[in-house]
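Enquirer: Chains as they are written, first to last, in my numbering: chain H, 309 to 663; chain U, 309 to 663; chain B, 309 to 663; chain W, 309 to 663.
If you're looking for bench data, these hints aren't it; they were derived computationally from the structure. A hint or two may mislead.
What the hints assert, rightly or not - Cut-off 20 angstroms, straight-line C-alpha distance, at most; resulting in silico cross-link-like pairs (PhoX-like, lysine-lysine):
id	chain 1	residue 1	chain 2	residue 2
1	H	Lys618	U	Lys579
2	U	Lys421	H	Lys658
3	U	Lys658	W	Lys661
4	U	Lys564	H	Lys497
5	W	Lys564	U	Lys658
6	U	Lys564	H	Lys503
7	H	Lys564	U	Lys658
8	H	Lys507	U	Lys564
9	B	Lys501	W	Lys564
10	W	Lys661	B	Lys564
Number of protein chains: 4
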Amino acid sequence: MAFNSFGNILRLTTFGESHGIAIGGVLDGFPAGVEIDLKAVQEELDRRKPGQSKIVTQRKEPDTVEFLSGIFEGRSTGTSIGFIIKNTNQKSKDYSHNTDVYRPSHADFTYDKKYGIRDHRGGGRSSARETANWVVAGALAKQLISHISINAYTSSVGEIEMKQEYQHLDFSKIESNDIRCPDAEMAEKMIDKIKEIRKLGDTIGGTISCVVQNMPVGLGEPIFHKLHAELGKAMLSLNAVKGFEFGSGFDGTKMKGSQHNDLFNEDGSTKTNLSGGIQGGISNGMDIYFRVAFKPVATIMQNQPTINSKGEATEIMGKGRHDPCVVPRAVPVIEALTALVLADFYLLNKTRKIS
Amino acid sequence: MAFNSFGNILRLTTFGESHGIAIGGVLDGFPAGVEIDLKAVQEELDRRKPGQSKIVTQRKEPDTVEFLSGIFEGRSTGTSIGFIIKNTNQKSKDYSHNTDVYRPSHADFTYDKKYGIRDHRGGGRSSARETANWVVAGALAKQLISHISINAYTSSVGEIEMKQEYQHLDFSKIESNDIRCPDAEMAEKMIDKIKEIRKLGDTIGGTISCVVQNMPVGLGEPIFHKLHAELGKAMLSLNAVKGFEFGSGFDGTKMKGSQHNDLFNEDGSTKTNLSGGIQGGISNGMDIYFRVAFKPVATIMQNQPTINSKGEATEIMGKGRHDPCVVPRAVPVIEALTALVLADFYLLNKTRKIS
Amino acid sequence: MAFNSFGNILRLTTFGESHGIAIGGVLDGFPAGVEIDLKAVQEELDRRKPGQSKIVTQRKEPDTVEFLSGIFEGRSTGTSIGFIIKNTNQKSKDYSHNTDVYRPSHADFTYDKKYGIRDHRGGGRSSARETANWVVAGALAKQLISHISINAYTSSVGEIEMKQEYQHLDFSKIESNDIRCPDAEMAEKMIDKIKEIRKLGDTIGGTISCVVQNMPVGLGEPIFHKLHAELGKAMLSLNAVKGFEFGSGFDGTKMKGSQHNDLFNEDGSTKTNLSGGIQGGISNGMDIYFRVAFKPVATIMQNQPTINSKGEATEIMGKGRHDPCVVPRAVPVIEALTALVLADFYLLNKTRKIS
Amino acid sequence: MAFNSFGNILRLTTFGESHGIAIGGVLDGFPAGVEIDLKAVQEELDRRKPGQSKIVTQRKEPDTVEFLSGIFEGRSTGTSIGFIIKNTNQKSKDYSHNTDVYRPSHADFTYDKKYGIRDHRGGGRSSARETANWVVAGALAKQLISHISINAYTSSVGEIEMKQEYQHLDFSKIESNDIRCPDAEMAEKMIDKIKEIRKLGDTIGGTISCVVQNMPVGLGEPIFHKLHAELGKAMLSLNAVKGFEFGSGFDGTKMKGSQHNDLFNEDGSTKTNLSGGIQGGISNGMDIYFRVAFKPVATIMQNQPTINSKGEATEIMGKGRHDPCVVPRAVPVIEALTALVLADFYLLNKTRKIS
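The following block holds chain H by itself, in its conformation from the complex (with noise of 0.2 angstroms):
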């Protein structure tokens, strides 16, 4: 079962709770003889730490990975990788008003009904600070498959929408701005929007999309592994996310079949790409993209009428220093899940047909 791991070849297991001493996981399966370059993975847990521009959370923390085992003299050696990262940054008494009110559209509520007890600090174990594990984890899997190129960037924040297709786009740009939109334009008007928020006290939504190049064909297990279910899967892990879509999506629904089609040429590549780069479940090749939506965050800076444990009405209004829109922040994130999901299923490959 593993209620907290995550793939199948390449396995990650992860545990730690928002406020408690480090958060941390064992990273399994990944193949001796990589070379590994740490400082590469440190660089992406920078991108997702708070605090790193003005349109995220204010709270400072490093968040600095200690990897324990697994890698030795600069290569991995085929063990499990155990890493952790240390809570330095705890400030519990932001939340000791939290004790025993649930926080709306929090999973308060939920985690005291499963389990009868719930770490509330910061949200415990449903707090979105685990997605650090899953950058340091997505991270080593980027440079298992360093041959394939993997880039999410902003599509929308609020109304604000992108609506340009990602081939017009340069990715180099990504990093270029606050909210991580290769689009300088739109990347301006988006950011401006989520001041304005934040000035409200509130919070907003957004999307993500994401590419990857230079995929190789035959990646992706059906019937129950296929490879856009996986990231489907993958994806909604992720803390606010609502929905999912890849290739043509949701508008695919209201096409014909021969619009919709993506005719060969002879080289199997394929005229159009509306099926996203998958079909069947398996990598065809082409470009996988696919978009994911955000919710606004739960936090707001606003009172909001509430309940407790015993079902009394109380109020609450956010304290603590937190996003007031998960998008930026979320890029790297949806990166490493897609590193991870895909580099899962380059392993499992190796064992589908003889040779």
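Position chains U, B and W relative to chain H; hints supplied.
Expert: Frame of chain H; chains U, B and W shown alone:
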């Protein structure tokens, strides 16, 4: 790993090609002592079978399930439940022309490249015929969690989209028309649309909505088996699906936190339900609702240029008898998958706290 | 979890009761492109079938395997391989007297207490008939790893024990007698012993030894899937098994390190092989050898006092046709399980280092 | 798959090399609401630690476990429990001479061949240091199933073997001597033997017996997760183990069915217990007992010829501080593994019938 298995405690493993001798599966982990209504299982299968109405494929297959084990004197014994559905109407001749040709936007190309061999008859393992297995298993799962109510229905065909919220629908009307839409007027429009499309030798996409009522609180297993993530994965496993959203979905990305948060009533229910009945990956007792996007069926009755396995240009035209729109027959499949996911979480939840 | 599944990448899931309609299974993860010799599969099954000689049960069942999927035009397609073996000679009448009676040292009592219901006919799911499924899957596994040689043989029946080391045996003689012992003289003694025991209406235990030759180096997955641990688990899954030892086994506990250590030759082979071909859970290329202990069959043709499900004292006497000694028919089962374990590790090992 | 994971619902995933920064693990699936006695966990760890007596390695390591998550205000929260044990006394220098040399009957050769790289310091991942992780997890498991009593003890050292049946032993005496044998006289002989062996710079094997009392009926999950099969796998996962037998074990192979069958009392208990408390893979409520065979420790303080990674002949002599006999320190490890297996089955059994 289990490439062809789905679920954790309640686990379905399937096999079978479209035009092989039989398809079938093993449902493992089904608890002992459940009274099994075999007739109800066959009825679910009949909802999915070909030839049931004028807007689906006119292929005739009885699709009779035979149970081979695990049920004794009308009750489940706790041992694995084996079943088969014989392929009685195989007409491989319809597919003999496809031996070496890759049908556009089908899985022919990817299966061939991945495995180096494929059963080309009717799509082989990639055929949606597999979903008959899911309906059998799902029908058993429904009987295990009979206290939970699951209703799926067609919510759009092409541009024809039902806008009412599910609360205003009468689910008892779903089976009253061929498209399985509870709104009679919309149903007629959808049916007309499909007939029109079929006359063109074309196909059309659509969406299915699903609503789960009488949900217990506490189902779902974070961090990596969140309830909506497993639902999403299940739905994305279904042929032709391009997207999944739950609760506020993609529309929720445009909202502010102050609008989106579901405020509590004193009994723990919420005044709104933009969360879609799931918070932090765990059911909160409110209705779960989600929407699934289907692309148009790839097999069209029109001439299409394509290539064969040698990369040579050729042409293909759909023969055989195919669905102009996958949606009406997919409704029971979506319910089945939902039941499988929920029943698995229902069993898992028995282990999550001491009592 | 998968209560009825075995293996990781190569994964067998089974179903079936002794006196149900059929038993069968799904072999998942079998790579594409392997030429399948169906006749060889049936031959393995024939080695296990009842009625094959005078020292086994005289029950007659043809035990014909029918493959339903996953094999196309003589080769594996990489999709799941479904198969069934029909129960043709069920004679439930022989068991009708057992409906409510717990046979001593059978699983009647424990199944009833665990599940609250049981299929009492012939032991239901707990019957060794299940092992026919394993032989089918193992025969396919043997074809996948045909470069590895697996030979099991009867090494003792009761007190009659073959003392020679396997190196002095001619494995081609195993099938030359009914007990499957490569030493003709010992075989005769064992057969006589079984005949004598059967006349008494009694049964007798025994041991089977198994030798794996031409092993590649590197199979086995520490820490928790060590090669010998998985072999041991496989063997202990087989009905009537009470013990497993490999290499020096229990005798090795009496030795000193200076005696027990296997010193290296310069080519990496070892001068002795007390390790039994496995070090740290990984094959070292030397022969693997192990020994499996079987208790006497619990069904005896003598009157035994026992209880029924109400806890009332009653009597029971074996009817039907049973084996006086399980060992000769278990030889092909042990080989099958060994092949399944090794084939799984063979596939897993393809993912463990970059090349 | 999960190479470094053990268990199903209750699942331990571990990491760590002997001379890395830390070893540790994640215990997943531990139910919420269990009061955790952290002191008791450390006490179990102290039973395993080096330097505790004169007959074990004189290496000094405090082996202090640090819990990082999953326990809040003295109780388990249902989330994954992360923990580490720092490697404080690494003395890599003791192993610097091993960099390139394969120690006979160690895993140096097999790790190197399998992975193409190994952390040679103290055996790296293959070191029995890993078992400290198991003891931590097992100590938690013991607290979950505190109604079940588990006692392991040394039953032989070399030829010195305790013949009494466990029913005649006083388990409260196990911890009263350094060898952990409940018979004071035998204990003294065993200790003398080990001292004698150590003086020779040699090592010796032995056996550990384990008895489980107050077992509930119904634990164990056939067909492929039989209780004794999982116990056997667990024990065979432990370094230096060469064999496992339960109930009548290898001796049972010499018996007749009429002698071996355990006849019932009217309360469902049995008059004898040659079955060892398990029938058909499911506990029957009688005591479970089994025996585990350990080879002599491979590291001896004598000069041994060997080879290096280039296949060149060389010599090696054990340095560092090693155990002359693994048995006394393995006693708590066997109990820990037993507890992990039983606790997992305890949780699984909650899902196996409707109530």
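Enquirer: Could you tell me which of the numbered hints above are not met by this structure, giving the numbers in increasing order?
Expert: 5, 7 and 10
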